[in-house]
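K.L.:
For reference, the chains in residue letters:
6 protein chains.
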Amino acid sequence: MAEADDLLARGREVTRKLWGDRAGAPDLPAARLAPEFFGLVTQFCFGMFWSRPGLDTRSRSLCTVAQLAALGKTDELKGHLYGALNLGITREELVEVLMQTACYAGVPAAVTALNAAADVLAPPK
Amino acid sequence: MAEADDLLARGREVTRKLWGDRAGAPDLPAARLAPEFFGLVTQFCFGMFWSRPGLDTRSRSLCTVAQLAALGKTDELKGHLYGALNLGITREELVEVLMQTACYAGVPAAVTALNAAADVLAPPK
Amino acid sequence: MAEADDLLARGREVTRKLWGDRAGAPDLPAARLAPEFFGLVTQFCFGMFWSRPGLDTRSRSLCTVAQLAALGKTDELKGHLYGALNLGITREELVEVLMQTACYAGVPAAVTALNAAADVLAPPK
Amino acid sequence: MAEADDLLARGREVTRKLWGDRAGAPDLPAARLAPEFFGLVTQFCFGMFWSRPGLDTRSRSLCTVAQLAALGKTDELKGHLYGALNLGITREELVEVLMQTACYAGVPAAVTALNAAADVLAPPK
Amino acid sequence: MAEADDLLARGREVTRKLWGDRAGAPDLPAARLAPEFFGLVTQFCFGMFWSRPGLDTRSRSLCTVAQLAALGKTDELKGHLYGALNLGITREELVEVLMQTACYAGVPAAVTALNAAADVLAPPK
Amino acid sequence: MAEADDLLARGREVTRKLWGDRAGAPDLPAARLAPEFFGLVTQFCFGMFWSRPGLDTRSRSLCTVAQLAALGKTDELKGHLYGALNLGITREELVEVLMQTACYAGVPAAVTALNAAADVLAPPK
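Residue numbers (this note's numbering), protein chains in the order written: chain A, 1 to 125; chain B, 1 to 125; chain C, 1 to 125; chain D, 1 to 125; chain E, 1 to 125; chain F, 1 to 125.
These are computed hints drawn from the structure, not numbers from a lab.
Mixed in with the good hints there might be a few duds.
[To be verified] Simulated crosslink set (DSSO-like; lysine-lysine; CA at most 30 Å straight-line):
{"#": "1", "chain 1": "B", "residue 1": "Lys78", "chain 2": "F", "residue 2": "Lys78"}
{"#": "2", "chain 1": "D", "residue 1": "Lys78", "chain 2": "E", "residue 2": "Lys78"}
{"#": "3", "chain 1": "E", "residue 1": "Lys17", "chain 2": "A", "residue 2": "Lys78"}
[What the hints assert, rightly or not] Some chain B residues near chain A, calculated using beta-carbon distances under 7 Å:
{"#": "4", "residue": "Phe49"}
{"#": "5", "residue": "Ala70"}
{"#": "6", "residue": "Glu93"}
All values derive from a computational prediction rather than experimental measurement.
Quick reminder that beta carbons are idealized off the backbone N, C-alpha and C, glycines included.
Using the sequences and the accompanying hints, generate a full structural model.
P.N.:
What follows is the structure, encoded as structure tokens:
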């Protein structure tokens, strides 16, 4: 059983792959209200789960995007779309994930997700 | 714009990869009550979305498993876990997807999904 | 502002239309655990909302069936399908409502609803 | 089994009843990001389901409004409230559907829906 | 069985504890669209349930905050956070309720709730 | 930042209060399929969140029961109802929490929760 310092270190290794230097200090009202919260999230989401060996990071990222779209969590979805692009997942692949959400969570969930994704996934000019 | 016959044919090509000969005629009360329903589902879920080129079938399968776990749809989850195994996704990978659901949909959603998956993903004796 | 006796009387007028003599005393574990609960439900769901003039009972019934299917509440769905049949809504109409749920809440929600409905809506032999 | 051209044609017949000339080309970020998506939606939601004979369009519209309110999908709700008015459903009837949502999806869902509906359903001056 | 006048009176007794003089006439589009709705809510949420003897008001308030956070209903959440502060529940306690939501409804639900709460729970300057 | 051994130890201190000797080794298919999962849950749900000082355990238990009822997670709900009884929360208080769920998550959510609770909360004979 690893130490919590290890959990944080392991978690940060993942978040750096996803968001580079912007990782770990999100500029959100939630971070001002509950300053310890995102450190805990780094430990348990990324240090305990994402860093486990049995599944590659690319698949974990796609599954996370898919779940956030299905659940209608648009703010976290945007963050994880940026992360997915940083991992080398393409715009086209991500649009397909969001479109397919219509089958399992309904058309409105897919529309909401595609609307939220439009800025993040717009082709660079 | 393809013909609907094509939609059905294209959809069946996908469902055969996922479920072989068991595809398309699920033995469910829903199929007795609404005999046309699953034909429509084959056309639109599999013929319109899954068969699109921009994302590989393996990724579509993982994303579907992830969404069904997040949404608590255990019956469809079991079906898609079988499909994922047929595509060559491993037991270990699928367990990781279900465990990670705890982060985004909460621990009870992950427990429900793991309970539902236990029979499907139990190692063969 | 009507009296609560009136609320109960007005509510019972609605539930009798839906379920006849079976109304108001559901044989559920919930009713044993919380004996006052269903009386309150009769007052506020049926006495305060369903009995309002601006929408006909048939439309209220269809909308309720649609919402319960979308929300995955299969036990209440069965009860309201019986109620809908008693109001003269046909089996075919109800199957259409449940099938269309696939568009707005996803295919798994529709499958769950159709499975739950199969006994209630099976044609009499 | 009809052709997909037919699905699109049949779907457009429905969407024209709901939204007239504004149908089919929603001015949404989602439509810019995924230009083929709304064509697919027209085919499967409206061409495959809404255009089926067993249930009248008015009832399909009411059920859709009810489901979108229950699921908290406010953008699509506004669109379908416009559609419902175009079909001749009255403001009063729609407000009743939204109020009754409190019974089945909780008071906050009803408040969210009524807030979203206020502009669409405000009486013309 | 009490009269509805009693329900309203009993409900108002509760809402006054939560929101003082601001109770009962929320300045929301929903209140303009459906002027009778919030009176009904006062009767059944507060007059029928919150005013029952078996559970103290402080616990009812905490449970409501917890449920609204889990369900992602941010507008009602803000209102009930104000109410909780008026009952003497502390900022720190409420932040803990929202953080713990991560365990049962997932991290995105907790982030959404904490973001919504930041203004209401910010320490006075 | 504490060590993970501490997280586990701290988590177990909480789960022992809730479930005594039955804590930590739930006899569930999920535990056979994913043997490490519940250890991780003990660390992060109970070691990271429940064991924080800012909110008493009784309030954390009530909020958890309320959230599980609102989310329809009946298996975990039963477990936490047992835990709540072990903390000294009364049957009557728990029934009130579940009944009040009708206001915020709808009547069907409350009925589902009360049905699930009936065995756990039945008065001892």
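K.L.:
Each hint needs a verdict: does it hold in this structure or not?
P.N.:
Now for the hints, and whether the structure bears them out:
1. Lys78(B) - Lys78(F): 24 Å, holds
2. Lys78(D) - Lys78(E): Roughly 24 Å between the alpha carbons, so the hint for Lys78(D) and Lys78(E) holds.
3. Lys17(E) - Lys78(A): 40 Å, violated
4. Phe49: 5 Å, holds
5. Ala70: 4 Å, holds
6. Glu93: At about 5 Å, which falls below the 7 Å cut-off, the nearest Cβ of chain A leaves the hint on Glu93(B) intact, so it holds.
Hint compliance for this structure: hint 3 is the single one not met.
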